[in-house]
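Participant: Generate the whole structure from the sequences, applying the supplied hints.
Protein sequence lines correspond, in order, to chains B and C. Numbering of the first sequence is given in the working numbering, commencing with residue 1 and proceeding in unit increments. Numbering of the second sequence is given in the working numbering, commencing with residue 1 and proceeding in unit increments.
To be clear, the hints were calculated from the coordinates, so they are not data collected in a lab. From the three backbone atoms N, C-alpha and C, an ideal C-beta is built for every residue, glycine too. Check each hint, because a few of them may be wrong.
What the hints assert, rightly or not - Okay, derived cross-link-like pairs now, SDA-like style, lysine to any residue, Cα gap no bigger than 20 Å in a straight line:
{"no.": "1", "chain 1": "B", "residue 1": "Lys3", "chain 2": "B", "residue 2": "Leu138"}
{"no.": "2", "chain 1": "C", "residue 1": "Lys271", "chain 2": "B", "residue 2": "Lys3"}
{"no.": "3", "chain 1": "B", "residue 1": "Lys244", "chain 2": "C", "residue 2": "Lys116"}
{"no.": "4", "chain 1": "C", "residue 1": "Lys267", "chain 2": "B", "residue 2": "Lys3"}
{"no.": "5", "chain 1": "C", "residue 1": "Lys34", "chain 2": "C", "residue 2": "Tyr228"}
To be verified - Chain B regions said to be covered by chain C (calculated; three or more residues, Cβ under 8 Å):
{"no.": "6", "stretch": "15–22"}
{"no.": "7", "stretch": "46–53"}
{"no.": "8", "stretch": "78–88"}
{"no.": "9", "stretch": "103–116"}
{"no.": "10", "stretch": "131–137"}
{"no.": "11", "stretch": "245–253"}
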Amino acid sequence: MAKIGIPRTLAYFTYFPFWKTFFEETGHEVVVSPPTTRAIMDRGVKEAVNDACIPIKIYHGHVAYLAGKVDCIFCPRLVSVRRHGDFGTETFCPKFLGLPDMIRLSLDDLPDIIDTRVDLKKGKNELLNVYLEVGSRLGNSKGEISKAYKRALQVQRDYQKILCQGVSPPEAIDLVLGDGAGAGQPRMRGYDLKIAVVGYPYAIYDSYINSGLLNILEKENVQVLTQDMLSDKVLNRQARTLPKDMFWYFSNRAVYGALHYINQGEISGVIHVTAFACGPDAMVDRLLEIEIRRRSQLPYLSITIDEHTGEAGVRTRIEAFLDMINYRRERR
Amino acid sequence: MKISFPHMGYSYIAFKWLVENIGHECIVPPEPSKKTLDLGVRYAPEFACIPFKILLGTYLEVAEKGAEIIITSGGMGPCRAGYYWVMHQYLLEEIEKNVKVIAFEPPLCDLKDFWKKINWLRVSGGLSVKDFLEVIKIAWEKIKAIDDVEMYSHKIRPYEVNRGDTTRALWKALEMLDEANNIEEIQDAKHEGLKLLGNILQDKSRNPLKIGIIGEIYVVLEPAANYYIQIMLGEMGVETDRSIYLTSYTRKNTIINLEGSIFEVAKPYLKEAPIGGHGVNSIGETILYAKHGFDGVIQLAPFACIPEIVAKSILPSVSRDLNIPLLTLFIDEQTGKAGVQTRLEAFVDLLERRREVKSGKFERLIV
Chain B
1 MAKIGIPRTL AYFTYFPFWK TFFEETGHEV VVSPPTTRAI MDRGVKEAVN DACIPIKIYH
61 GHVAYLAGKV DCIFCPRLVS VRRHGDFGTE TFCPKFLGLP DMIRLSLDDL PDIIDTRVDL
121 KKGKNELLNV YLEVGSRLGN SKGEISKAYK RALQVQRDYQ KILCQGVSPP EAIDLVLGDG
181 AGAGQPRMRG YDLKIAVVGY PYAIYDSYIN SGLLNILEKE NVQVLTQDML SDKVLNRQAR
241 TLPKDMFWYF SNRAVYGALH YINQGEISGV IHVTAFACGP DAMVDRLLEI EIRRRSQLPY
301 LSITIDEHTG EAGVRTRIEA FLDMINYRRE RR
Chain C
1 MKISFPHMGY SYIAFKWLVE NIGHECIVPP EPSKKTLDLG VRYAPEFACI PFKILLGTYL
61 EVAEKGAEII ITSGGMGPCR AGYYWVMHQY LLEEIEKNVK VIAFEPPLCD LKDFWKKINW
121 LRVSGGLSVK DFLEVIKIAW EKIKAIDDVE MYSHKIRPYE VNRGDTTRAL WKALEMLDEA
181 NNIEEIQDAK HEGLKLLGNI LQDKSRNPLK IGIIGEIYVV LEPAANYYIQ IMLGEMGVET
241 DRSIYLTSYT RKNTIINLEG SIFEVAKPYL KEAPIGGHGV NSIGETILYA KHGFDGVIQL
301 APFACIPEIV AKSILPSVSR DLNIPLLTLF IDEQTGKAGV QTRLEAFVDL LERRREVKSG
361 KFERLIV
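Facilitator: Written out as C-alpha cells, the structure reads:
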C-alpha cells in the first residue's frame with residue numbers, strides 16, 4: 001500500500017484511466033497533482049533546464065508539487081507504444097526518453113521514481129510485462145497484477161470509446177472514472193462552426209498553459225474536434241498519404257488528425273497548438289501548413305505557447321481567425 | 001546528372017571525388033556563409049535547428065548553380081535530422097526549385113530502398129559493380145586521411161610560434177589530398193601533409209590546456225557553423241580533442257572509440273540509449289574526458305536541439321560529480337563570433353586559474 005503520485009500533464013491525458021485503475025486495483029492510493037497553476041509553472045521554470053520546452057518545465061513543476069506528499073512518483077519512460085511508421089520504429093520525443101533521468105537529476109528530495117521502460121514494439125505481451133515490473137516494484141503478487149491489468153485495459157477501452165463520441169479527454173476521464181457529476185451534459189443549442197484543434201494533448205487540454213483556448217472557442221460557439229476523438233484505425237489511414245511518417249507518436253497523431261478532418265470536409269479551419277521551441281513541432285507545423293494548403297482552401301492558425309502566453313493574446317488571435325472564417329462564409 | 005550534397009567540415013573533398021568518379025558532375029557545396037544562413041533562415045521553419053537552416057541555404061545555393069540532385073542522409077528518429085530531407089524537399093518544391101533530394105536511410109531499416117538508391121547511383125554513372133566498390137573504397141581512404149590530417153593539426157596548433165602557420169599548412173595538406181586519385185597517392189599526400197604540419201616552428205615549452213569538444217554532430221564537424229571553435233581555441237593555446245569524426249566509428253586510437261561502450265559509460269546518469277542524435281554520447285564522452293584528465297569540456301549544440309537539451313539537463317550533475325568544468329554553447333542564427341570568443345576566453349581563463357591553484361605552479365599559455 002503506497003501513495004503514488006501522478007503529474008497531471010504530458011501522457012496523463014492519454015493514459016490516466018489505465019494508470020488509476022491499475023494502481024487502485026492493486027491496492028494503492030493515487031494522488032494526482034492539481035491542474036497547472038502559476039505556482040506550479042514557476043516552480044517548473046525554476047527547476048528545469050532553461051532550454052526545455054514549457055510542457056517539460058511544467059512537468060518538473062508538477063513533480064516538485066508531488067514530492068513530499070507521496071511515496072513514489074510514476075514517471076514511466078515512454079519509448080514506444082506500437083509498431084508503426086516507415087520502419088516500425090515510432091517513438092517519442094527525446095525528452096520523453098530522458099524524462100525520468102532529467103527529473104531525478106534536476107530536482108532535490110524526490111521520492112522513489114517508478115521509471116519502468118515502456119517499449120511495446122518489442123512484442124505483443126510487452127504491456128503486461130511492463131505492469132508486472134511496476135507491480136512487483138510495489139510488492140504486489142502476480143495474480144493481483146494480472147487481475148488489475150485486465151480491469152485497467154477494460155477501463156482504458158471504455159475511455160477510448162467515450163473519446164470517440166467527441167468528448168474531450170478531461171471530461172472523458174471524469175466520466176469513465178465515475179465521478180463525472182457535472183461533465184458531459186448535452187448542449188442545448190447547436191454549434192455555428194467546426195474547427196479542428198490539433199497538437200499534443202498536454203498543450204491542448206491543459207487550460208492553464210494555453211490560456212483557456214478550448215473555453216474561448218466553446219464560448220464563441222465553435223465545436224472543437226481534436227485528434228484524440230478519432231480511433232487509431234481512422235488516423236492510421238492517413239499515413240499512406242505522406243512521403244515519410246514522422247517518428248514521434250504524438251506528432252503522427254496530430255498530423256493524421258488534421259489530415260483526416262480536412263479529408264472529411266466538415267471543418268472550417270485548423271488550429272495547431274505548439275510549444276515554443278518544440279523540436280518535433282518545427283517539422284509538424286510547417287508540414288501541416290504546406291499539406292493543408294495543398295489539400296484544401298482551409299485557413300490555418302498556429303498558436304505558440306510559452307511561459308509568457310497571456311489570455312488576451314490568445315483571445316485576439318482566435319477572434320481574428322473566426323472573423324476571417326465568417327467573412328469568407330459570407331462572401332461565398 | 002549534376003549532384004550535390006551537404007557541406008560538413010572538410011569531407012566535401014572526398015565526396016566531390018566520389019561523385020565525380022562515379023561518373024556524375026559534382027556541384028561542390030560552398031562553405032556555409034552568412035549568405036547561406038540568411039537563405040536558410042528565410043525559408044526554414046522558425047524553430048528548426050541551425051543545421052536544418054544551413055543545409056537548406058546550401059541546397060538553395062547549389063540549386064542556383066544548377067544542381068539537380070542532392071544526396072543526403074535519412075534517419076529513424078527520434079532526432080529531427082531523420083525528417084530533414086522530407087521537409088527540405090517540401091520547402092524546395094514550395095519555392096519552385098527543381099531539385100530532388102535523395103536520402104539514404106539506415107540500411108538496417110530498409111535494405112531494399114538502400115540498395116535501390118545505391119544501384120541507381122551506380123547505373124546512372126555507368127560503372128561496373130567492381131569499379132564502383134573500388135571508387136567507394138578510395139573515397140573512404142580519403143575521408144580517413146582528411147580526418148588524420150585535421151586531428152594532427154589540432155595537436156600542433158597550440159604550440160605554433162607564428163599564429164596561423166598551422167591553419168595554412170592544413171590547407172596545403174588538404175589541397176594535396178584533393179589532388180590524390182588512388183590509395184597510394186592518398187597515403188603519400190597524407191604523409192606529406194603530416195610532415196608539413198610537423199615542420200611548423202613550435203614552442204614545446206608550452207603546456208597547453210586540454211579541452212574536449214562534445215555535442216551535436218553537425219555543429220561539431222562544420223567549422224563554419226561553430227565559428228571555427230577549434231582553431232580559435234588552438235590559437236589561444238588550448239589543445240582540443242573532438243569526440244566526433246566522420247570516421248570515428250572505425251578507429252580505436254582516439255580517446256572516444258566505440259559506440260556501444262559509450263552508452264554503458266553514460267548509464268549511471270541516463271538509463272536510456274539511444275535518445276537520438278548524440279545526446280547519450282555527450283554524457284558518456286564528458287565522463288571519459290574527465291577520467292582522462294582533461295581540463296574542461298565544451299558542449300556545442302544547435303538552439304532547441306532536443307537530445308542535447310536532455311544532455312544539458314543531466315551534464316551539470318556529471319560536471320559536479322567528476323569535478324570537470326563544462327561550457328555549453330547553444331548556437332543559432334543570432335550567435336555572433338565575438339560573443340563566442342568572449343565566452344571561450346573567460347572559460348579558458350577559468351581553467352588556467354584552476355590548474356594553477358591545483359598544481360601551485362604558475363604557467364602561461366600564450367603571451
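Participant: How about the stretch 78–88 of chain B: do at least three of its residues have a C-beta closer than 8 Å to a C-beta of chain C?
Facilitator: holds (count 3)
Participant: Would you check chain C against the stretch 131–137 of chain B, counting CB to CB pairs closer than 8 Å, and say if three or more residues qualify?
Facilitator: With 0 residues in contact (Cβ-Cβ under 8 Å with chain C), the coverage given for the stretch 131–137 of chain B is violated.
Participant: Sort out whether Lys3 (chain B) lies within 20 Å of Lys267 (chain C), counting only the CA atoms.
Facilitator: Status violated; Cα separation ~28 Å.
Participant: Quick check: do three or more residues in the stretch 15–22 of chain B have a beta carbon closer than 8 Å to a beta carbon of chain C?
Facilitator: violated (count 0)
Participant: Can the restraint linking Lys34 (chain C) and Tyr228 (chain C) be considered satisfied, given a maximum Cα separation of 20 Å?
Facilitator: Roughly 14 Å separates the two Cα atoms, so the pair holds.
Participant: Residue count check for the stretch 245–253 of chain B against chain C: does it reach three with CB-CB under 8 Å?
Facilitator: Since three or more residues must qualify, the claim that chain C covers the stretch 245–253 of chain B holds, with 3 doing so at under 8 Å.
Participant: If you look at each residue in the stretch 103–116 of chain B, do at least three have a Cβ nearer than 8 Å to any Cβ of chain C?
Facilitator: As far as the stretch 103–116 of chain B goes, the hint holds, because 3 residues have Cβ atoms under 8 Å from chain C.
Participant: Quickly compare the C-alpha distance for Lys3 (chain B) and Leu138 (chain B) to 20 Å and report which way the hint goes.
Facilitator: holds, 10 Å
Participant: Compare the distance between the alpha carbons of Lys271 (chain C) and Lys3 (chain B) with 20 Å, and conclude whether the hinted pair is satisfied.
Facilitator: violated, 25 Å
Participant: With a cut-off of 8 Å between beta carbons, are at least three residues of the stretch 46–53 of chain B near chain C?
Facilitator: Satisfied; 4 residues make the cut.
Participant: Holds or violated: Lys244 (chain B) with Lys116 (chain C), Cα cutoff 20 Å?
Facilitator: OK: Lys244 (chain B) and Lys116 (chain C) at ~17 Å, within 20 Å.
Violated hints for the displayed structure, listed by number in ascending order: 2, 4, 6, 10.
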